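Trainee: Chain by chain, the residues run as shown.
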Amino acid sequence: MGSSRSLIFIPGNNQRFLEKSKGINSDIICYDLEDSVPPEKKDVARGYIETTIKELQSKNKEIDKRERIIAVRTNSPGSGQISTDLNKVVIEGLDAIVIPKVDDASQILEISELIAKLEGERNIPTGHLRIMPSIESALGVVNAFEIARCNERVSSILFGIFDFLHDMKIDTPHMDILNSYMYARAKVPVDARAAGVDSIDSIWQDINDMNGLNKDLKLGKKFGYTGKCIIHPSQIDPVHKIFSPSTQDIEWAEKVVQALDNAQKNLATGAVRLEGKMIDAVHYKQAKRILDSTQLTKQ
Amino acid sequence: MGSSRSLIFIPGNNQRFLEKSKGINSDIICYDLEDSVPPEKKDVARGYIETTIKELQSKNKEIDKRERIIAVRTNSPGSGQISTDLNKVVIEGLDAIVIPKVDDASQILEISELIAKLEGERNIPTGHLRIMPSIESALGVVNAFEIARCNERVSSILFGIFDFLHDMKIDTPHMDILNSYMYARAKVPVDARAAGVDSIDSIWQDINDMNGLNKDLKLGKKFGYTGKCIIHPSQIDPVHKIFSPSTQDIEWAEKVVQALDNAQKNLATGAVRLEGKMIDAVHYKQAKRILDSTQLTKQ
Amino acid sequence: MGSSRSLIFIPGNNQRFLEKSKGINSDIICYDLEDSVPPEKKDVARGYIETTIKELQSKNKEIDKRERIIAVRTNSPGSGQISTDLNKVVIEGLDAIVIPKVDDASQILEISELIAKLEGERNIPTGHLRIMPSIESALGVVNAFEIARCNERVSSILFGIFDFLHDMKIDTPHMDILNSYMYARAKVPVDARAAGVDSIDSIWQDINDMNGLNKDLKLGKKFGYTGKCIIHPSQIDPVHKIFSPSTQDIEWAEKVVQALDNAQKNLATGAVRLEGKMIDAVHYKQAKRILDSTQLTKQ
Chain E
1 MGSSRSLIFI PGNNQRFLEK SKGINSDIIC YDLEDSVPPE KKDVARGYIE
51 TTIKELQSKN KEIDKRERII AVRTNSPGSG QISTDLNKVV IEGLDAIVIP
101 KVDDASQILE ISELIAKLEG ERNIPTGHLR IMPSIESALG VVNAFEIARC
151 NERVSSILFG IFDFLHDMKI DTPHMDILNS YMYARAKVPV DARAAGVDSI
201 DSIWQDINDM NGLNKDLKLG KKFGYTGKCI IHPSQIDPVH KIFSPSTQDI
251 EWAEKVVQAL DNAQKNLATG AVRLEGKMID AVHYKQAKRI LDSTQLTKQ
Chain S
1 MGSSRSLIFI PGNNQRFLEK SKGINSDIIC YDLEDSVPPE KKDVARGYIE
51 TTIKELQSKN KEIDKRERII AVRTNSPGSG QISTDLNKVV IEGLDAIVIP
101 KVDDASQILE ISELIAKLEG ERNIPTGHLR IMPSIESALG VVNAFEIARC
151 NERVSSILFG IFDFLHDMKI DTPHMDILNS YMYARAKVPV DARAAGVDSI
201 DSIWQDINDM NGLNKDLKLG KKFGYTGKCI IHPSQIDPVH KIFSPSTQDI
251 EWAEKVVQAL DNAQKNLATG AVRLEGKMID AVHYKQAKRI LDSTQLTKQ
Chain U
1 MGSSRSLIFI PGNNQRFLEK SKGINSDIIC YDLEDSVPPE KKDVARGYIE
51 TTIKELQSKN KEIDKRERII AVRTNSPGSG QISTDLNKVV IEGLDAIVIP
101 KVDDASQILE ISELIAKLEG ERNIPTGHLR IMPSIESALG VVNAFEIARC
151 NERVSSILFG IFDFLHDMKI DTPHMDILNS YMYARAKVPV DARAAGVDSI
201 DSIWQDINDM NGLNKDLKLG KKFGYTGKCI IHPSQIDPVH KIFSPSTQDI
251 EWAEKVVQAL DNAQKNLATG AVRLEGKMID AVHYKQAKRI LDSTQLTKQ
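Chains as they are written, first to last, in my numbering: chain E, 1 to 299; chain S, 1 to 299; chain U, 1 to 299.
FYI, nobody ran anything at the bench for these hints, they're computed from the structure.
Since the model is a prediction, treat every value here as computed from it, not as a measurement.
Built from N, CA and C at the ideal position, the CB exists for glycine as well.
There could be a bad hint or two in this list.
[To be verified] Part of the chain S face toward chain U, derived, beta carbon under 10 Å: (1) I24; (2) S36; (3) L56; (4) S58; (5) E146; (6) N151; (7) D163; (8) A184; (9) N211; (10) I236.
[Said to hold, decoys possible] Label-pair restraints from in silico Cβ distances: (11) S83/U with S83/S: 39 to 45 Å; (12) I250/S with K117/E: 54 to 60 Å; (13) D43/E with T126/S: 44 to 50 Å; (14) G80/S with G80/E: 47 to 53 Å; (15) G80/E with G196/S: 17 to 23 Å; (16) V44/E with Q57/S: 21 to 27 Å; (17) G23/S with G212/U: 53 to 59 Å; (18) Q15/E with T247/S: 36 to 42 Å; (19) G127/E with G212/U: 55 to 61 Å; (20) K215/E with T247/S: 37 to 43 Å; (21) Q248/E with G212/U: 47 to 53 Å; (22) T247/S with D237/E: 54 to 60 Å; (23) G47/S with Q248/U: 52 to 58 Å.
[To be verified] Below, computed lysine-lysine pairings styled on BS3-like, alpha-carbon distance capped at 27 Å: (24) K218/E with K169/S; (25) K88/E with K41/E; (26) K117/U with K169/S.
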């Protein structure tokens, strides 16, 4: 399996959305206990999410299990609610926990121990549950590399733009897609990859603005993100399209492989020009990865 | 009180400017002992600054004290002159010390001890004097987070573009507003906020170019700076305007609060669409901060 | 001597290129054992390079020695071939080793010890050989400051775009000159300078696109690079031109020196306006450096 391309947030207290989520084809379904759920609905939401995970789990046992990852976003380390959240939702059928507003690695280590204890008690294979820390503060951005590499459960890190802007005291009406968070948004995927994990870009807030979504997706991909958080099912297809090789990519990859195979056989050289540009071993590896991934993608 | 929006540098050896500074309404008045004062005038400047602080102090005791912060920029840690500088200007009436060309946190810790000793000897409340390290070198940029968080006296960090460019061996005629120092200029406010302190952007050098000043101000604000260094009183009003909520900000904030208050009361949801864009708890906090700050601003 | 402006890669298994390299006027000639040499040609290449260095060395003894630096790029720390590479090419006449795909400082420390041993055995002055680590991975970007400052042999660090993009899983057809590696490319020269060493920018891949080369060169210079890796002799002149002071630079420098000399003599001030822009001690230092370097440059 490649990286997860899409992570959709489903408000945990909305029964209609929870029901609809069962048929959604994003790579990760993430039931939310945090900012989309008002304080007095947290308890109800925990129950709804528990039920939904159980229903999905019994369904999965009957039919062919899809490769979807089932996740829950808990409340933040600062909320004091994480152990209550985990206690309710860490059950068979859950694959990953998204932790919002992570500031440093020690928070993840503590949560990993809580999860290990629950896995033991609840008949879940040890280490099954992944953690996806969400970087949403200046301190989180500073510590992103340490957060990404601190624990084997961490499979990817998320970037959360709006909380980051809030922490930076940058008001939303003044943000622009490039400058307002360029440094933080570009640092997160580099720190993630340095730690050997994937990175999932922040949401695009305007559900009707598909042009804006596409521009933002391309920018995120250029920064090195391997997926995107989304807030509406209509965003899934554009996201999957961007994070899959294009026809142009595949054509480029085929030409590179052919040119370098030829060069090595006939010219005993590892570097050759293709359409004017010098290519060598690294382009060969890139091309191979593109061609391999087209075998795997189920677009 | 909010963050300081403006810090004006006043050359310490210019008596006319020192006199005029008493009536200037920038949030911080910073008397300079460093680069605007030639070596042979340092001693004279120390005396002039001492006199000016004393005059301001006796005036403040008579009239309603304004919320201005009185600061002095000493010479750099590398100059060997900091203890002479501090010895002369750390007197009642001084609020902050700007340290130029700070490379690492140990320099700040040493200076903090010098200041503590002088506070004790001179009847200044312990801890009254804040330190504002100025980041003006590649090493300072690398260490900015450690510098910002190393000591409780640090209330904000400054960014100094021209010395940074000089250290980087980037010649001034080649600088451009975006690329020449983008990384450093964007890293400083994130490191500052991660340490819980404010950041004050570098000067705009061309006093007559108000358009350029405004573009540069907006870019700094997008990066997360909360204020700007200035070199002429004519720059104060544009700076205060940019770092105060606009009419557009206030309208946005009022709509957000209303939409989310309604959503929570009537729909029991913490997330709702406003003009197409999904908003939730974080936007509520942003909106509240804008509305709170409009109560405080005395523009 | 100033910084090295140009580093040309010469495939180590191509006898025609090795021969031609003897007359090339780049500041650094770097014979490649890594990606331009196919696996089965590595041994042959080691022999060719050894011979070339010996020939250059005996020539240098006869004629006036030019200031060119002779370097070899070994295989990567991960290849297991570095000690074989060094054993063959660390001989009198070699000045520097380029290490590709460096991830952390410990790799450099280990290589420095290998080199010290060979220097001792082969009558090379201890410490003569410099190391130029090449940053080509996300982890290398994270650790760039530590890599740059870990050892006295490190004289500069290189940035390698294509391997970095590959490590980031950013496919070449999607890269754009600004966004795809902006953060990494901007961080490397700042980390280098913070460690007191130079930085040499990544190659421009399209040999026929001189416009693209020039744009890319200017961007690299704005980021603070002091030189550029190149893959064809036709790129040397444009590179040397960009990394030498222009007529415009020299005119600016002369005006700055004159204005500040006057200001200090006649007005006893260290800050003055030049064509509207406030200049002071830092601009004086910049101007002096430009004027000094024009004495040294032999363009």
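Trainee: K117/U and K169/S were given as a pair; does the straight-line alpha-carbon distance stay at or below 27 Å?
Mentor: Roughly 35 Å separates the two Cα atoms, so the pair is violated.
Trainee: Should the hint that T247/S and D237/E are 54 to 60 Å apart at their CB atoms be regarded as holding?
Mentor: violated (39 Å)
Trainee: Taking 47 to 53 Å as the stated bounds, is the beta-carbon spacing between G80/S and G80/E within them?
Mentor: holds (51 Å)
Trainee: Interface hint check: N211/S, Cβ to nearest Cβ on chain U, cutoff 10 Å. Holds or violated?
Mentor: violated (13 Å)
Trainee: When the nearest CB of chain U is found for E146/S, is that gap smaller than 10 Å?
Mentor: violated (12 Å)
Trainee: Are the Cα atoms of K88/E and K41/E separated by 27 Å or less?
Mentor: Status holds; Cα separation ~14 Å.
Trainee: CB of I250/S to CB of K117/E, is that within 54 to 60 Å?
Mentor: violated (49 Å)
Trainee: Between the alpha carbons of K218/E and K169/S, is the straight-line distance 27 Å or under?
Mentor: violated (34 Å)
Trainee: Assuming the hint says 37 to 43 Å, is it satisfied by the Cβ distance from K215/E to T247/S or not?
Mentor: For T247/S against K215/E, whose Cβ atoms are near 28 Å apart, the range 37 to 43 Å is violated.
Trainee: Does the beta carbon distance between V44/E and Q57/S stay inside 21 to 27 Å, or does it fall outside?
Mentor: Because 60 Å falls outside the window, the suggested range is violated.
Trainee: For D43/E and T126/S, compare the CB-CB distance with the range 44 to 50 Å and indicate the outcome.
Mentor: holds (48 Å)
Trainee: Go through the hint on L56/S and say holds or violated, using the shortest Cβ distance to chain U against 10 Å.
Mentor: Cβ of L56/S sits 22 Å from chain U, so the hint is violated.
In this structure, the hints that do not hold are numbers 1, 3, 4, 5, 6, 9, 10, 11, 12, 16, 19, 20, 21, 22, 23, 24 and 26, in rising order.
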